[in-house]
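Asker: From first to last, the protein sequence lines stand for chains A and B.
Reminder that position 110 of the first sequence reads as 110 in our numbering, one-by-one numbering, no gaps.
Reminder that position 253 of the second sequence reads as 405 in our numbering, one-by-one numbering, no gaps.
Derived from the structure by calculation, the hints contain no laboratory data.
Heads up, the beta-carbon is just placed ideally off N, CA and C, and yes, glycines get one too.
Please note: incorrect hints may appear among the correct ones.
Unchecked claim - To list a few chain A residues with every Cβ distance to chain B over 12 Å, as calculated:
# : residue
1 : Leu21
2 : Phe32
3 : Pro37
Said to hold, decoys possible - According to the in silico footprint, chain B covers these stretches of chain A (three or more CB under 8 Å from chain B):
# : segment
4 : 75-89
5 : 94-102
As the list claims (entries may be wrong) - One side only, chain B facing chain A, incomplete, derived with CB under 8 Å:
#  : residue
6  : Asp155
7  : Pro158
8  : Leu162
9  : Leu165
10 : Gly166
11 : Phe169
12 : Val170
13 : Leu172
14 : Leu173
15 : Ser209
16 : Ala211
17 : Gly227
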Amino acid sequence: MSDPQGMSIVVRVVTRWLFGLILIFGLAVALFGHVTPGGGFAGGTIVACAFVLAILAFGGSRGPGAAFARWASSLDATGALSFLVLAILGYTAGSFLHQWAARGELFTLGSTPSIVLLNLAILLKVGAGLFAGFIAVAVFEGAAGSEKGADA
Amino acid sequence: MVDIIPLFVLIPLGAAFVCLLAKKKLPAAAPTVSLASALALLAMAVACHVEGASGASIAGAWSLELHGGVAFIPGIALVLDGLSAIFLLLVALVSSVVIVFGLRYMDSYDGRPLYYALLNLLIAGMNGAVLAGDLFNLYVFIEIASIASYALVAFGTGGHEIEAAFKYLMLGAVASASILIGVGILYASTGLLNMADIGAMVAAGNVSEGALLAAAALFLGGLGLKAAMMPFHAWLPDAHPSAPAPISAMLSGLLIKTLGIYALVRILYVVIGMDGPLGGSLQTILLVLGCVSMLGGVLLGLGQTDFKRLLAYHSISQMGFVLVALGANTWLGVAAGLFHAVNHALFKGALFLSAGSIERITGTRDLSKMGGLAKVAPMTAVGTAGAALSIAGVPPFNGFWSKLLILIALFQAGLPVVAAAAAITAVLTLVCFTKVQRKALFGKLPDRLATAKDVPLSMSMPVLLLALLCLLGGLMWPLGLDDVIGDAAAAVRTDAETNDAPASYRKLVHDLGRKP
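Only chain B is shown next, with the shape it has when bound in the complex:
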């Protein structure tokens, strides 16, 4: 199974270039190729989970016989462990659903082959980022995904879209620069780029605390901006609503997690070390920024009437939940945070897609001009309601369980104040989405919408599927899902008092990666 690891990046990359080549002669090939590529990735990700595959693949490594001895030249390390595997599955699942939704939704846009090419590039970048075994490749893949997303936000080419994309581009460039300087500082002080090797040096105490502190600050700023944690969130409420609906779902559902949360978890836990000299302060920073994001996002979301903008503010707030859970620095905290990240991808993906459907049905994103959609668009309404109940944390949907686990983890870690903030946020989220349901789905149907029709099945089914997965995610927790999430969490934080997960990550890379 280790040999197929590079294919997770290669398949979408190849699909992107095929879409570009076919853009003039055979534009209809682009959606077919993209869907085939996404389904192939989904099958591979599921196979990795079934096999429990883990390991490292060194792409382009070669050995050379010179003067009797064998020199080994290492290549690009790609590492698959529990944490990567769950993100690979998530990316494959949500992107397949998004591509199906886009088949009809994107009819109103020009240049569709370019949309598919950029979408595939985005998937390749995200898959590469979660598999990268060294810091520089992590940076490169983050840039690939980011640049594709800047272009996708501007895809509508209207004035508002261009402005949002420009803002996103400028802030994203600042984030990328700070990540690159962080990589540079670690490289300058260790002479290494491989995350496992740097982690080993840091754990042995061979890296100066000043360099580590500077790198940690730069990574927190850069990756925090990619994850849209407050106070680095300003780009998100403009960028996410401006993109076409399928892209909003990709950005809010996947991009802020793979580039932000995943990279942050990997670097903070494996490279810099949450148990090292900086552990305590990193924990405090995560908890404080997490609380600010949670409460700030939900309070700003309360007053919004633009449906997609409201959803964007809730993305900030829900990422806050994930951050405080990671800040607890326990196995349960990490597991709960990852579970919430997975759930957020499902329900926020469904909500952004349904926002696209609702915009198509009503011609507006303004919640105050909607109403009674349950009567004219029952399929879309059921999907939207399911996802809204899930983000609001209503049992038995998955959002309820992950929020409950986060609260339990925070109490166990002795952080009742943070837990109280999380509980308040959960209540405010419930209030906000009750308002959404009342304004959009129920209530009085405006006269101008009396003849409105539901969207075609290829647009309503993806939303329903994600909403169903939200329900199953809640019911499946005791039936096997806890193992999957638990494995992913154990890849960075074990249950024991002293964390030996980084050591086992290093062993994984070193055992399998050093053979030519």
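The shape of chain A in the complex, shown without the other chains:
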């Protein structure tokens, strides 16, 4: 974070290519979490990594990472809140966290719509939460670094 301009042109170009692919991979891991290994947590971690990469490559003031940083805290709370709402919707089918949406054919994306939505909520919560944690540590490190600089 010491260099706000980010890294060299090679890293920036590669990041530009990879960023979208990593996002799509994270989304896929979360979307198909109920039928393949993965899920909201794993997908969210991958999505957060994409934004961390963007911040490292482009610096703290430009690129998708900077935009996400402004919204991370709100998105984190939104993810948690939407998980709660989806879980409470289970009461319409009998009890807390119960499957409330109609089930589709086994082993397809539509087999359990309610779990897919829960996974997406977890993706939002974990993606934004981990990224916000990274930003907080980076800001703290930056502050500690500048303090040290002032002492010297």
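We have chain A already, so just place chain B on it with the hints.
Answerer: Then chain B, alone, in the frame of chain A:
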């Protein structure tokens, strides 16, 4: 009623996230949402008591038809019994009062929406811990409440606060690790996490004594640290006074009981079993640590001049009372211990809140620089005096009755030496709080305080309400309160010679919990 059990965790959790979402655009929403959530929890807890509700709710359980058969996948078990119900009521009551007190008190702090978010997270963690039906969820909820409390202790962001929070964080992490290893050992030797199921295996003698001993030691260390029993108390006298007054009241009034005492009672009585092969040694450990905490806490408290630090040492001492009562391992002992825990939440909550009010009025926490507050701040003084009389064990306040019951229980259990230690502690507590009253409330008013004014009603009324509840708690014991506390105690220790309460807990979980 069983269906609403998850709401005890969901409502404060939802309120916490709403506070976070509203923190930039609508910061005024946070106190309203928090108060509404706390009052809703209070209404639900009262409804559970009126209905006498008990049962298990399996959140997220589902059944799946595969190849003609039905597979049942169990989810997160939340169990409500008499013991959980009384702690739910206590958490809801004290947190509602604390939130009302904080409405004006927190004016001087920045980032209030974050304070409310953390406070709601703390409530969600405590409610979850007292409802958790399996060991791992118990651990998770203990961590949620603990992490919220680390941040809240540091909320003032001054050097002293950060240092206290760091000390608390480090010791708390050691405690959490030892609880987790304890859970791991029980899981490794039984393959189970559900407390009722592990309890059944232990009762049938299918768990090796070595594993049980290691787990019991780790739980005693970890939960003992959370309950601030000596010699695991070092963090408390720093952490509790450093937090803002409403949070001190939450930590001392509720957190050390829900995470420490409740979890200890549940695990020792239901999972490991006080009548099992380890029962005798567990009883001795509780009695010895309880006596050390009682006497050590009160002796260290005697010399303190910082009001909040003095109160913190008395929390250690009063938790010692609860521990020796639990160590008696009789129905009366458990009932007296729980009654004292409830009473302690009320009077220590009131005392920490009034310490905040007094600090606001006088600008200091140093008892030697106060005096004559009864003249300038009559409302606060009455509330403080009521709570102080209660902790000092003056009849007819609730503190007197619970201490008397503890003494009776100890004598009945054939433990006169422990009873003598408890009586000495009670006298020393009386001495200490007489000193507090003389130095803070009565005596000569210092000149610089001649123009001091009482705090606003929204800060003095919560203290008065808790002090009134202390008085009512004493008067209500023969009028129905004994049933409530007695039920709570009977959930872990019945009156009979052989204890069949763990068996009925298992029945509660198994009957209601296994249906998909």
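Asker: Does each hint fit the structure? Answer for all of them.
Answerer: Going through the hints against the structure:
1. Leu21: With a cut-off of 12 Å, Leu21(A) remains clear of chain B, as the shortest Cβ separation is near 31 Å.
2. Phe32: Fine: 18 Å to the nearest Cβ keeps Phe32(A) off the interface.
3. Pro37: holds (18 Å)
4. 75-89: Contact hint for the segment 75-89 of chain A vs chain B: holds, 8 residues under 8 Å.
5. 94-102: Per the Cβ count (5), the hint holds.
6. Asp155: Because about 6 Å separates Asp155(B) from the closest Cβ in chain A, which is inside the 8 Å limit, the hint holds.
7. Pro158: This interface hint holds because 4 Å falls under the 8 Å limit.
8. Leu162: OK, holds: Leu162(B) within 8 Å of chain A, min 6 Å.
9. Leu165: It holds, given that the least Cβ distance between Leu165(B) and chain A is near 6 Å, below 8 Å.
10. Gly166: holds (5 Å)
11. Phe169: At 4 Å from the nearest chain A Cβ, Phe169(B) passes the 8 Å test, so the hint holds.
12. Val170: holds (7 Å)
13. Leu172: holds (4 Å)
14. Leu173: With a minimum Cβ separation of about 4 Å from chain A (threshold 8 Å), the hint on Leu173(B) holds.
15. Ser209: holds (7 Å)
16. Ala211: holds (5 Å)
17. Gly227: holds (7 Å)
Consistency note: the structure conflicts with none of the earlier hints.
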